[in-house]
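**Q** Listed here are the chains, written in short residue letters.
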Amino acid sequence: MKLIYRIALRLSLTLLPLLALWATLFYVIITAEINDEADDVLEDYSELIIIRMLTGQELPPPNDGSNNSYTVVPVTEAYAERTPHIAYLDAEVFIPEKEETEPARILKTIFRDRHGRFYELTVATPTFEKEDLMKTILIAVVALYLVLLLTVIGVTMWVFRRSLDPLYALLRWLDGYLPGHAVAPVPDDTSIAEFRKLNAAAQQAVTRSEELFERQKQFIGNASHELQTPLAILRNRIEWLLDRTPLSEEQTGELVKMQRTLNHAVRLNRTLLLLTKIDNGQFPESSDIDLARLLAEQTQQLEEIYRSRGLRLSLRIPERFTVRMNETLASTLVGNLLRNAFVHTAAGGRIEISLSDGVLTVRNEGTAPLQSDHIFDRFYRNSGNPDSVGLGLALVRAVCRYYALDIDYRFERSAHCFSVRWK
Amino acid sequence: MKILIVEDEPSLREVIQRALEQEGYVVETAADYARAEAKIAGYDYDCILLDIMLPDGNGLHLLETLRREGKRDHVIIVSARDSLEDKVSGLEQGADDYLAKPFHTAELKARIRSVLRRGRNGGDRELVQGNVTLDTESRRVEVAGREIPLLKKEFDILLYFMQRPDHLVDKAVLAEAVWGDHADQADNFQFVYAQIKNLRRKLSEAGADIEIRAVYGFGYKLSCAEPRPKP
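Chains E and F supply the protein sequences, listed in that same order. To convert, count from 1 in the first sequence and add 344; that's my numbering. To convert, count from 1 in the second sequence and add 6; that's my numbering.
The set of hints was computed from the structure by calculation and includes no laboratory data. Keep in mind that this is a model prediction, so the values were computed, not measured. From the three backbone atoms N, C-alpha and C, an ideal C-beta is built for every residue, glycine too. Please note: incorrect hints may appear among the correct ones.
So the derived label-pair ranges between C-beta atoms look like this [to be verified]:
no., chain 1, residue 1, chain 2, residue 2, range
1, E, Gly625, F, Ser229, 41 to 51 Å
2, F, Asn194, E, Arg745, 48 to 58 Å
3, E, Ser698, F, Ser229, 46 to 56 Å
4, E, Ala640, F, Ala220, 57 to 67 Å
5, F, Lys203, E, Arg656, 36 to 46 Å
6, F, Asn194, E, Thr551, 20 to 30 Å
7, F, Arg124, E, Gln626, 42 to 52 Å
8, E, Gln626, F, Arg73, 47 to 57 Å
9, F, Arg152, E, Ala640, 31 to 41 Å
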C-alpha cells in the first residue's frame, strides 16, 4: 500500500469517530439551549396566568395565536402534596387549530389561591421535533464529514506530495539503479535536512557497494591473472619431463594426469577471467552472427565428441537467424548451453534443440528438476562429474545479462528445458 | 639464432631458457624492463619473448622503443592477459605474435619457429617433416610430392603434430586443440582415436616416413624416420 493511501485511510478513520462525538455533543448542547429558552417562556407565561388568577383578573384566552396553551385544573390537597410543585416535561400535545399533535414543552405548576384551594396549571409551548433535529444534525454532520474529509485529504495530498518530492526522487533513482552499472549521482536538490541526510546515506551506501563490487571484480581478475604465470611454469615443467626424460609407463601416466588436472585449473582460471571480462563489459565489438549456423556447427562437433553415448538428437533450426552479438560471447552462450545438455544427458537420452521466433530452446532428458534458483550460480554443480567446472551456466547467464536476453529454466515432461529469448 | 627472454618470474624464465637452449638457440634473459632495455639497446636478437607486464614498466613501451629505433628484431608478446585489446594493440605496435599464459612449451617453440621462418623466407606456410609437406594456407598435404586427401579433422590433427614433432601430445590436449574447448572433458577419447586411425592409415598408404605413435595409451607422438632439420 502506498504511503499516501495509508495516510488518507487513517485520516478518514480518525475523523469518523471524532465527528460522531462532535455531533452528539452538538445535539445535546443545542437541545439543552432550546429547552432552556422554552422553559423561560413557559415560566413567564405561567407566572402571568397565576398572577391574574390570584388577583382575579381576566385570564388570557386559551389561544392567543402564539401556539401557547394552558389549562388550569383544581386538584386535591393530597395530590398537591405528592406532586412536585414545579415540573418541566416534554410531551406531545394536541393542537386543536392544527388538528394534530405536536411535540411541546410543558410546565406544570401547583399553586393555592387565597381560599386555600389547590390548582394545577399546565402551560405548553410547542417546541421542535427532536427527531427532525437529530436527522438534520446527522445530515449536516455527514456532509461536514465528507467535505472536511475531502478537504483534509486534498490538502494533505498536496502538502505530502510537495514535501515528500525529494523522497520520491530518491525512490525513482533507486529503481533505476543497477549494481555495477555507471549511474548518475543520487539527486540531492532539497533543502530539507532529513532528506539531505537520507540522500547522503543512500549515496554513501551505493558508493560503498560500487566500490566493493569493483574491488571484487578486480580481485577475481587480478587473482586469475596472477595465476597464469605459475600455471605456465608448471605446465612447461611437466612438458619438459614428458619430452626430455625417459619415463616408465607409470611415470608417464602420473605426469599426464598431473597435466590434465593442471589443464582443469587453467580452464577454471580462464573461465573466471572471461566472466570478469563480461562483467566489465569488455566485449564491445559486435558483428552479425548467424545463430543457426553456429548451432549446427557446435552441435555437430559435440555429437562427434559424445558419439559413444548414443544420444538421440533433434535439431530444428531455420536456414538463417542473424543476431548482433560479439562473436566470442555468442559462441560462449551457444557452446555452454549445448555442452550442458550433452554432458548431463544419460546414455541413449534425447536432446532437442530448436530455434524459432527468436527463442533458442535446448531440452535434454533428465530425471528430476534442478534447483532453478541456483543452476546459474558460479560453481554450482549438480552432477558428480569431477571435470565439470560449474561455470558453464554462469557464463550463459553472464552473456544473457550482457545483452539483456531472457534466460529461463524449467523442467517439463521429464526434460530440462533451457530457453533464451532474443527481444 | 639468438633469443632474448624478457620475463620477471625466475622459474618461468628458467624453463623457457632450458627448453629453447635444448632446441639449439642461443638464449639470453632479462628479468625486468631496465635490463631488457639495456640488452635491446646493445645487441640484436632474432627473436624477443616479451612479457608485457613487468615490475618496472610496460613491455609494450620496449616494443615501441624497438620500432622507433628501426630495429627489426622479431617480437613475440607473452602475456597473462588474454585479452583481444592487448593482442590487437601489441600486434599493431609491431609484435609478430601474441601468446597468452599459460602456454605449452611446444606451442612456444612452434611460434618461434614460425616467426623465424617468416623472417627468413617471407612465409610460414609450409611445414616439413620427413617426406611430408603441409601447406597451412591451401591446406594441402603432400607425401613425397604426391598430394593425399585429408578430411578437415585429420588435417587439423596432422598440423598440430607437425608443429610439435617429438612431443608427447596428451589425448585430452589434442581433443581440446582440435575439437575445441571442453572436448577434453569427454567420457572417452574414442573420437580422437577414430580420426588418428584414419590419418595413420592414409599416411602409411602414401608411404610417409613419419608416424604418429601411441605413447602408453595416454597420448601420441609424431616421430620421424630421419633426424629433424635444425631450426
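**Q** If a hint holds in the structure, say so; if it does not, say that too.
**A** Structure-based check of each hint:
1. E:Gly625 x F:Ser229: 41 to 51 Å: holds, 48 Å
2. F:Asn194 x E:Arg745: 48 to 58 Å: violated, 35 Å
3. E:Ser698 x F:Ser229: 46 to 56 Å: holds, 47 Å
4. E:Ala640 x F:Ala220: 57 to 67 Å: Check failed, 33 Å falls outside 57 to 67 Å.
5. F:Lys203 x E:Arg656: 36 to 46 Å: Check failed, 26 Å falls outside 36 to 46 Å.
6. F:Asn194 x E:Thr551: 20 to 30 Å: The hint (20 to 30 Å, Cβ to Cβ) is violated, given that F:Asn194 and E:Thr551 are roughly 53 Å apart.
7. F:Arg124 x E:Gln626: 42 to 52 Å: violated, 30 Å
8. E:Gln626 x F:Arg73: 47 to 57 Å: violated, 26 Å
9. F:Arg152 x E:Ala640: 31 to 41 Å: holds, 34 Å
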